[in-house]
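> Residues per chain are reported as follows:
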Amino acid sequence: MERHSFFRDRFVPVTTVVLAILAIWVVFVVILNAPFVRDQAARAGEQIGFWEILPKTFVQERPVLPSPHQVAGELWDSTVARPITSKRSLVYHAWITLSATLLGFAIGTVLGTLLAIGIVHNRAMDRSMMPWVIASQTIPILAIAPMIIVVLNSIGVSGLLPKALISTYLSFFPIVVGMVKGLRSPETIYLDLMHTYNASPAQIFWKLRWPAAMPYLFTSLKVAVAISLVGAIVGELPTGAVAGLGARLLSGSYYGQTVQIWAALFMAAALAAVLVSIVGLAHSAVLKRMGAKA
Amino acid sequence: MNSAYLISAIVFWLCAWGLNEWLVRQTFASDAANRAVRIFVPVLFGVAILVMWEGVTRGFNIPTILLPAPTMIWAKLTSSVPTLWADFRQTFLKAVLTGYVMGCGLGFLVAILIDRSPFLQKGLLPIGNFVSALPVVGIAPIMVMWFGFDWQSKVAVVVIMTFFPMLVNTVQGLASASEMERDLMRTYAATWWQTLVKLRLPAAGPFIFNALKINSTLALIGAIVAEFFGTPIVGMGFRISTEVGRSNVDMVWAEIAVAAVAGSAFYAVVALIERSATFWHPSVRGGQT
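Chains H and U, in that order, are what the protein sequence lines are.
Start counting the first sequence at 1; every next residue gets the next number (full-length UniProt numbering).
Start counting the second sequence at 1; every next residue gets the next number (full-length UniProt numbering).
Each hint should be verified, as a subset may be incorrect.
With a Cα cut of at most 27 Å, we get these calculated BS3-like pairs of lysine-lysine [to be verified]:
no., chain 1, residue 1, chain 2, residue 2
1, U, K213, H, K222
2, H, K181, H, K288
3, U, K122, H, K222
Here are a few chain H residues that face chain U, going by a calculated C-beta distance under 8 Å [claimed, not checked]:
no., residue
4, R88
5, A135
6, Q137
7, P140
8, A243
9, A247
10, L249
No lab work stands behind these hints: they were computed from the structure.
The model shown is predicted, which means the values in this text are computed figures rather than measured ones.
Quick reminder that beta carbons are idealized off the backbone N, C-alpha and C, glycines included.
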């Protein structure tokens with residue numbers, strides 16, 4: 001059996017691909033930004049050679065595609081160099097989005113788990129609701145986001161809650177589907193064993209079904225946390241929200257601030273990565289305490 | 001407050017609930033009757049929700065701007081078919097379908113191209129998995145800047161959103177044929193190409209269809225959200241955001257109904273094709289999806 005080495009099987013290939021992507025990015029910076037430089041030169045009535053264009057494509061104010069160092073610089077500027085309370089700090093905007101995400105994710109998880117418990121224990125609920133839960137996953141629920149915000153605003157609910165509700169709505173369905181599968185995962189022989197012990201339904205639930213559902217719960221939690229971040233960002237788009245990563249994207253696209261858009265995108269990506277890996281860590285911690293290998 | 005509506009809605013709800021409770025406990029002699037009950041129960045649940053919705057909005061006199069009654073939405077839907085059809089054509093037929101085919105096709109091709117290089121697979125798979133968890137819709141404003149306001153920019157967003165799930169699933173699917181089956185192909189002196197077409201692609205079928213199903217939802221979301229960032233004066237996302245601004249909530253709901261039906265129909269078509277293409281898979285043979 002061949003041993004897996006982290007360095008050879010993980011680090012080297014991934015780094016190579018990331019470097020290749022960066023290289024392609026830099027090439028495209030030159031290709032996409034060159035026409036603007038050439039235009040300016042033509043307007044000034046100058047002839048301009050390729051080697052004079054090249055450096056100018058990397059330092060434009062509003063490039064078509066910002067270069068990696070511009071994005072990194074903007075990220076540094078707007079996270080570390082500014083006070084966190086400043087409205088131009090990305091940390092501030094990320095926090096606004098993150099709080100909506102987490103609130104929505106928490107509500108969605110609790111509601112989804114409760115509904116799954118109901119579905120598993122009641123045949124009528126199972127038969128009548130499960131098809132709708134599955135069908136509702138195929139619906140572009142995100143389209144409803146602007147309306148929820150406006151409607152809730154008009155009855156006086158504003159701020160964090162409307163965005164959180166969109167996140168709730170999105171994270172709800174993966175949890176229900178995953179938990180129903182998980183709570184049903186114990187095999188018949190285990191259920192029969194519980195019967196021979198004369199276990200009450202509550203005991204069967206807490207000692208058999210709930211632990212058996214844990215791996216499924218965490219798998220759907222990973223999906224749910226990623227999708228609730230998307231929900232929070234999209235929830236900030238259509239209403240002209242003033243704060244949050246989605247608002248940064250929108251204002252960037254209005255004023256042509258490409259560097260700002262890219263910085264917000266990278267911030268969102270980092271946020272998603274952190275959230276998913278936190279859930280992943282919790283997953284392995286819980287499984288380890290339950291005595292599973294790996 | 002109009003309690004007659006409210007009471008009749010609640011009575012209907014209770015009757016439907018009772019009927020469902022009774023129906024799921026019955027076993028009928030004929031298979032056809034059992035199957036009919038299986039379909040009837042969720043449909044009745046859906047109808048009960050609609051009736052409840054209607055009763056509550058009328059009973060409490062909820063202003064239309066908050067929540068229009070289903071009958072009002074239906075009236076709006078039937079009276080503005082031309083607008084809805086134009087939006088549907090712009091968003092679904094042009095942006096979603098083109099982007100879906102291009103994104104899935106590209107993901108599939110790249111997966112086959114990197115199939116012979118374990119190095120590239122090891123490099124691309126973690127990145128693909130990572131990107132799948134990212135809020136990819138965020139690239140919408142950039143695509144709108146690059147490709148203009150019309151449907152081309154929406155296609156670009158959909159292509160990027162659908163590419164990575166397809167890539168990851170296809171690579172996993174191609175690896176799913178077992179060692180024994182591959183050895184058998186070797187004893188037949190099959191070439192790489194023959195092994196691919198006769199063994200590994202069919203074995204990858206369930207994975208590929210899984211990606212196709214995920215992508216059918218993602219594509220519609222991508223196109224609609226991309227329209228929030230700028231679009232010509234037609235399209236489902238455009239209609240939703242402007243009619244919200246003009247407080248025509250019934251039109252928004254009509255548009256959402258169209259999006260829901262389109263999304264479910266799209267998914268159903270992919271699921272039907274899956275059933276006939278991967279008829280050998282246990283999940284299909286068992287009669288479950």
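> Compare the structure with each hint and give your call.
Consistency of the hints with the structure:
For the hint linking U:K213 to H:K222, the alpha-carbon distance of about 19 Å falls within 27 Å, and the restraint holds. The suggested pairing of H:K181 with H:K288 holds, with an alpha-carbon distance near 22 Å, which does not exceed 27 Å. Taking the CA atoms of U:K122 and H:K222, the gap is about 22 Å. The hint holds against a cut of 27 Å. For the restraint placing H:R88 at the interface with chain U, the shortest Cβ-Cβ distance is roughly 18 Å, beyond the 8 Å limit, so the hint is violated.
Checking H:A135 against chain U by beta carbon gives a least distance of about 6 Å; that is within 8 Å, so the hint holds. With a least beta-carbon distance of about 7 Å to chain U, the hint placing H:Q137 at the interface is held under the 8 Å criterion. With a cut of 8 Å, the hint placing H:P140 at the interface with chain U holds, because the nearest CB-to-CB distance is about 4 Å. Because the smallest distance between the Cβ of H:A243 and any Cβ of chain U comes to about 16 Å, over 8 Å, the interface hint for this residue is violated.
Contact between H:A247 and chain U, as hinted, is not supported at the beta carbon level, the nearest pair being about 12 Å apart and thus beyond 8 Å. A cut of 8 Å between beta carbons decides the hint on H:L249: the least distance to chain U is about 5 Å, and the hint holds.
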